Structures are given as structure tokens and as C-alpha cells.
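Chemist: Listed below are the residues making up each chain.
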Amino acid sequence: MITLYPLYQAVSHRSNGQALLEEPIYGKTNTWLGNGYYFWDGAIELAHWWGKVHYHDSYDIYRAKAVFDESVFFDLFGSTSDLRIFRGITEMLQREFALQQLTVSAVLHEMRKRTSFSCSVIRARSEHWIPGSVHMQFVDYDRSYMVMLPAVQVCINDRSVIFEYERVYAKP
Amino acid sequence: MKEEIINEMTSFLDTAPPEQMREDFEEMKSFCDGPLASDYLREANRLIQNSSEHNQPDCSFIMMSTASLTSDKHFVQV
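Listed in order, the protein sequences are those of chains A and B. The letter at position 19 of the first sequence is residue 19 when you use this note's numbering, and the numbering goes up by one with no holes. The letter at position 22 of the second sequence is residue 194 when you use this note's numbering, and the numbering goes up by one with no holes.
These are computed hints drawn from the structure, not numbers from a lab. The structure presented is a predicted model; accordingly, all values stated were derived computationally and were not measured. Yeah, the Cβ is synthetic: ideal placement off N, Cα and C, and Gly gets one too. Hints are not guaranteed to be accurate.
Reference listing, derived: stretches of chain A covered by chain B, where coverage requires no fewer than 3 residues with Cβ under 8 angstroms from a Cβ of chain B [unchecked claim]:
| # | segment |
| --- | --- |
| 1 | 109-115 |
| 2 | 156-165 |
Once the Cα atoms are required to be at most 25 angstroms apart in a straight line, the calculated DSS-like pairs of lysine-lysine come out as [to be verified]:
| # | chain 1 | residue 1 | chain 2 | residue 2 |
| --- | --- | --- | --- | --- |
| 3 | B | Lys201 | A | Lys113 |
| 4 | B | Lys201 | A | Lys171 |
| 5 | A | Lys113 | B | Lys174 |
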């Protein structure tokens with residue numbers, strides 16, 4: 001079994017009179033990894049950033065834990081073999097359809113439609129530049145660097161693997 | 173197990189009839205023309221306006237928005 005914790009989700013702020021959310025928000029529009037519950041993996045700073053950008057500072061943050069079987073996990077962030085599969089499919093589709101620029105969502109959609117791919121948990125890192133994130137050089141004579149706050153997202157399309165969904169930050 | 177996906181996709185692409193390929197092409201095209209760029213543009217405009225009102229540019233956020241515009245929406249390095 002795999003456990004991802006902590007996961008963070010920024011949501012639109014509920015004022016004091018409103019009840020806390022009991023269910024995570026399910027994303028259905030502009031969903032680059034497919035429809036599902038979207039969380040930031042491991043760093044609350046990412047949820048704060050998203051709250052500022054997407055909810056214009058009026059947001060709350062919820063934390064959750066996900067526990068699931070390895071077989072349902074497609075990990076484009078931490079698994080080089082999953083990434084190799086994704087790259088292989090992408091190259092195949094690129095050759096066949098000659099689209100100028102394929103998107104991640106298009107490739108995943110085609111995988112779901114035309115193969116037995118049915119992973120309900122997908123993790124990937126988007127290449128956002130997060131304010132406050134440090135790019136630390138490997139060594140001072142080379143431009144290679146490590147990103148200290150990678151924007152890693154998890155899309156979960158199975159409610160039953162999400163636990164302990166609770167608010168950890170409310171707009172002051 | 174997951175490696176099977178590559179074989180399945182190869183098999184589909186090798187044997188799919190033209191109408192299925194056309195259907196998939198149209199679907200994939202629609203996934204590649206999303207509205208995200210306009211979202212970023214709207215956000216960049218809001219931040220620029222906000223900055224000029226307070227005479228205090230929030231450069232980090234503006235950089236984020238324009239970077240997202242020029243790099244064409246979200247992307248993941250594969």
C-alpha cells in the first residue's frame with residue numbers, strides 16, 4: 001500500500017456562518033490529469049500559492065491523507081518507469097496524429113479510451129514557478145539546479161482512498 | 173502490468189479503422205485547445221491593475237503569469 005500524506009487542497013473561503021467542508025472538491029474543468037480530487041503533495045505553501053492566484057486571497061486549506069494500492073498509482077513525478085510509459089505513448093500519438101503540441105490531458109484521455117489504463121491516482125509535477133521557491137545550484141560552476149519547492153499535484157478519482165479531510169487554514 | 177498499455181496502444185493504432193482515428197484526432201485536438209491561456213491573461217491583467225493602484229508592483233506574480241503565457245499553459249517535462 002502507498003500512503004500520500006500530507007495532501008493539501010485550497011478551496012474558496014467559507015465564512016464563519018458556513019459549515020466546514022466534509023467532502024473534498026471534485027474538479028471537472030481544466031483538469032490536466034483528468035477529472036478528480038486535486039491536491040498539492042506535501043507542501044502547504046503550494047496550496048497557499050494556489051489560493052492566492054485562483055481564489056484571489058479568499059481561501060481555506062484542507063489537509064487529507066490518501067492510502068491506496070500501488071497498482072492504481074500512475075506516478076509521473078516519482079517513477080521513471082511510469083514516465084517512460086507516458087513518454088512512449090506520447091511519442092506514438094505524436095507520430096500518428098501529428099498534432100503540433102499534445103497536452104498531458106489529451107494523452108491521458110486517449111490512454112483511458114483505447115487501453116486498459118485505469119489508474120485512479122495520478123501524480124505529476126507541473127513546471128510552475130512558485131513565488132518563494134528556491135532554485136539551488138548543484139555546484140557554483142554549473143547552471144544545473146534543484147527546485148526546492150516543486151509544484152507536485154495529485155489527482156485522485158476514487159473518493160474511498162481519501163481520509164482525514166480536515167481544514168488546517170482559514171482565511172483570517 | 174502498466175507496460176501492457178504501450179502494446180495495447182500500438183495495437184489500436186495499427187488496426188483502428190479510419191473513422192475511429194478521425195474521431196480520436198478531433199477529440200485530442202479539443203483537449204489541446206483549452207481556455208487556460210485566457211485565464212492567465214485575465215489574472216495577469218488583474219495583478220497589473222492591482223499593482224498600479226497601489227504603486228507597488230508585485231513582480232513575482234506578474235512574472236509567474238507571463239511565464240505561464242509564454243510557455244503555453246501548464247506543462248510537464250517528459
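Chemist: Taking beta carbons only, do three or more residues of the segment 109-115 of chain A come closer than 8 angstroms to chain B?
Modeler: holds (count 6)
Chemist: Check whether the Cα positions of Lys201 of chain B and Lys171 of chain A lie no farther apart than 25 angstroms.
Modeler: violated (39 angstroms)
Chemist: Does Lys113 of chain A sit within 25 angstroms of Lys201 of chain B, going by the straight-line distance between their CA atoms?
Modeler: holds (15 angstroms)
Chemist: Given that the segment 156-165 of chain A was listed as covered by chain B, double-check it with a C-beta distance under 8 angstroms for 3 or more residues.
Modeler: violated (count 0)
Chemist: Within a Cα-Cα threshold of 25 angstroms, do Lys113 of chain A and Lys174 of chain B meet the stated pairing?
Modeler: holds (15 angstroms)
Of the numbered hints stated above, those contradicted by the structure are hints 2, 4, listed in ascending order.
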